[in-house]
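A.B. asks: The whole structure should be built from the sequences, with the hints applied where relevant.
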Amino acid sequence: MRRKVLYTTGALLLLLIITNPGVKEFRSYLHESSKNTIAGRDANFFIFSIYSNIGDYVDSPHNGHNIRFRYLGIFGNFFSLGSENVF
Numbered sequence: 014m015r016r017k018v019l020y021t022t023g024a025l026l027l028l029l030i031i032t033n034p035g036v037k038e039f040r041s042y043l044h045e046s047s048k049n050t051i052a053g054r055d056a057n058f059f060i061f062s063i064y065s066n067i068g069d070y071v072d073s074p075h076n077g078h079n080i081r082f083r084y085l086g087i088f089g090n091f092f093s094l095g096s097e098n099v100f
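Each position in the sequence shown, counted from 1, maps to that position plus 13 in the numbering used here.
Just so you know, these hints were derived from the structure itself, not from any lab. None of these values were measured; they are calculated from a predicted model. C-beta atoms are modelled at their ideal positions from N, C-alpha and C, and glycine is treated no differently. One or more hints might be untrue.
Here are the computed distance ranges between Cβ atoms for each label pair [stated by the list, open to error]:
| hint | residue 1 | residue 2 | range |
| --- | --- | --- | --- |
| 1 | Glu97 | Val36 | 16 to 24 Å |
| 2 | Asp69 | Val18 | 48 to 56 Å |
| 3 | Thr22 | Arg81 | 16 to 24 Å |
C.D. replies: Rendered as structure tokens:
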């Protein structure tokens, strides 16, 4: 029984490591070119990664600012973690 749990846990960790998406997949997800240095990986934890992208937000014709969007990359997918203002 103990071996079965160990093998299952090991297989799950290996699957997470193999399917951890890279920067190329993140830029493809955003439909960005590879020359855009704003979109990239903030942290790599081997089983998942945290990515960010800075985008423009205009709430009036005279008031615009940048917002950093954060994403979690795991199992080959990306999930939004929220956003924050960047000045």
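A.B. asks: Now tell me if each hint is right for this structure.
C.D. replies: Checked hints:
1. Take Glu97 and Val36: their Cβ atoms lie about 21 Å apart, and the range 16 to 24 Å holds.
2. At about 49 Å, the CB distance of Asp69 to Val18 agrees with the hint of 48 to 56 Å.
3. For Thr22 and Arg81, the hinted distance range of 16 to 24 Å is not satisfied, since their beta carbons lie about 34 Å from each other.
The structure fails hint 3 only (numbered hints given earlier).
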